[in-house]
Amino acid sequence: DVKVTQSSRYLVKRTGEKVFLECVQDMDHENMFWYRQDPGLGLRLIYFSYDVKMKEKGDIPEGYSVSREKKERFSLILESASTNQTSMYLCASTITGRSYNEQFFGPGTRLTVL
Amino acid sequence: AQKITQTQPGMFVQEKEAVTLDCTYDTSDQSYGLFWYKQPSSGEMIFLIYQGSYDEQNATEGRYSLNFQKARKSANLVISASQLGDSAMYFCAMRVGFMEYGNKLVFGAGTILRVKS
Numbered sequence: 001d002v003k004v005t006q007s008s009r010y011l012v013k014r015t016g017e018k019v020f021l022e023c024v025q026d027m028d029h030e031n032m033f034w035y036r037q038d039p040g041l042g043l044r045l046i047y048f049s050y051d052v053k054m055k056e057k058g059d060i061p062e063g064y065s066v067s068r069e070k071k072e073r074f075s076l077i078l079e080s081a082s083t084n085q086t087s088m089y090l091c092a093s094t095i096t097g098r099s100y101n102e103q104f105f106g107p108g109t110r111l112t113v114l
Numbered sequence: 115a116q117k118i119t120q121t122q123p124g125m126f127v128q129e130k131e132a133v134t135l136d137c138t139y140d141t142s143d144q145s146y147g148l149f150w151y152k153q154p155s156s157g158e159m160i161f162l163i164y165q166g167s168y169d170e171q172n173a174t175e176g177r178y179s180l181n182f183q184k185a186r187k188s189a190n191l192v193i194s195a196s197q198l199g200d201s202a203m204y205f206c207a208m209r210v211g212f213m214e215y216g217n218k219l220v221f222g223a224g225t226i227l228r229v230k231s
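Line by line, the protein sequences are chains A and B. Each residue of the first sequence is one higher than the last, beginning at 1 in my numbering. Each residue of the second sequence is one higher than the last, beginning at 115 in my numbering.
One or more of the hints may lead you astray.
Only pairs whose alpha carbons sit at most 20 Å apart, straight line, appear in this in silico EDC-like list of lysine to aspartate or glutamate [unchecked claim]:
1. A:K3 with B:D136
2. B:K117 with A:D59
3. A:K70 with A:E30
4. B:K117 with B:D136
5. B:K117 with A:D38
6. A:K57 with A:D38
7. A:K18 with A:E69
8. A:K57 with A:E30
Here's a subset of chain B near chain A, in silico, CB distances under 7 Å, partners left out [what the hints assert, rightly or not]:
9. F126
10. P154
11. G157
12. E158
13. F161
14. L162
15. N172
16. A173
17. G222
18. A223
19. G224
Reference excerpt, derived from the structure (chain B facing chain A, CB under 7 Å, subset only) [to be verified]:
20. G147
21. M159
22. G166
Since the hints were made in silico from the structure, they are not lab data. Glycine residues also receive a C-beta, built at the ideal position from the N, C-alpha and C atoms.
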């Protein structure tokens, strides 16, 4: 059974803290993505990675950074958490090359910044 | 700019009836793809169906079908014989970018569907 896992389902942090969200996939996918989901806005792409150590900015990268040291792991980092980063964060992965390949999603991390 | 619009924030449907969830898209690309995902209250995203821009026939997957009208730039999801388990948030998404990068997606705001018994 293919899987994308995220390190926490729920996380509460304080303003100014450094926050790490971890995502691991066991499908040997080249491509991994981080989204945030907010009511009325759907999912918005923060960053994606198409290979180890490679990353590309998505639509809303400000305030975030990422790390991909191993193919199966993609980390999202909030350098200094702010209350407007309170959101649901979803990680996804997919293989390269075919137009119809869906993205496989993790269960999400609901982050609250106080 | 590439954009997905879902104009129905919420929908109700009676159990066993069919329901259509609307999705319109905006792109200048000739090659694109459209996806529908389901998100139950538990939060996981479940892939339902895919339609490519060059596909001549509407996609179908079990009780799900995609009513693809290219000239109108619409890709509506039709769920037949609704079940209580269909109650969820539904997202329409469009593939953008190069396929080498693994299908970057743009999502709509979503439609919450509630199935009544």
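**Request:** Below or equal to 20 Å on CA atoms is what counts here, so check K117 of chain B against D38 of chain A.
**Result:** holds, 17 Å
**Hint consistency between K70 of chain A and E30 of chain A [alpha-carbon to alpha-carbon, up to 20 Å]** = holds, 10 Å
**Prompt:** Once the shortest beta carbon distance from G166 of chain B to chain A is found, is it less than 7 Å?
**Reply:** This interface hint holds because 6 Å falls under the 7 Å limit.
**Interface hint compliance - P154 of chain B to chain A, C-beta minimum distance less than 7 Å** = violated, 11 Å
**Agreement of hint L162 of chain B with chain A interface, Cβ distance less than 7 Å** = violated, 9 Å
**Item:** chain A contact restraint on E158 of chain B - CB to CB distance below 7 Å
**Value:** holds, 5 Å
**Item:** F126 of chain B as an interface hint toward chain A, with CB separation required under 7 Å
**Value:** With a closest approach of 19 Å, the F126 of chain B hint is violated.
**Distance restraint between K57 of chain A and E30 of chain A, which requires alpha-carbon spacing of 20 Å or less** = holds, 16 Å
**Item:** Restraint satisfaction for A223 of chain B [CB to CB of chain A, less than 7 Å]
**Value:** holds, 4 Å
**Request:** Double-check N172 of chain B for me: the hint is only fine if its C-beta lies closer than 7 Å to a C-beta in chain A.
**Result:** violated, 14 Å
**Request:** Report holds or violated for the interface hint on G147 of chain B, using the least CB-CB distance to chain A and a cut-off of 7 Å.
**Result:** With a minimum Cβ separation of about 5 Å from chain A (threshold 7 Å), the hint on G147 of chain B holds.
**Asked** Should the interface hint for M159 of chain B be scored as holding, given a Cβ-Cβ cut-off of 7 Å against chain A?
**Response** It holds, given that the least Cβ distance between M159 of chain B and chain A is near 4 Å, below 7 Å.
When the structure is compared with the earlier hints, violations turn up for hints 1, 9, 10, 14, 15 and 16 and for no others.
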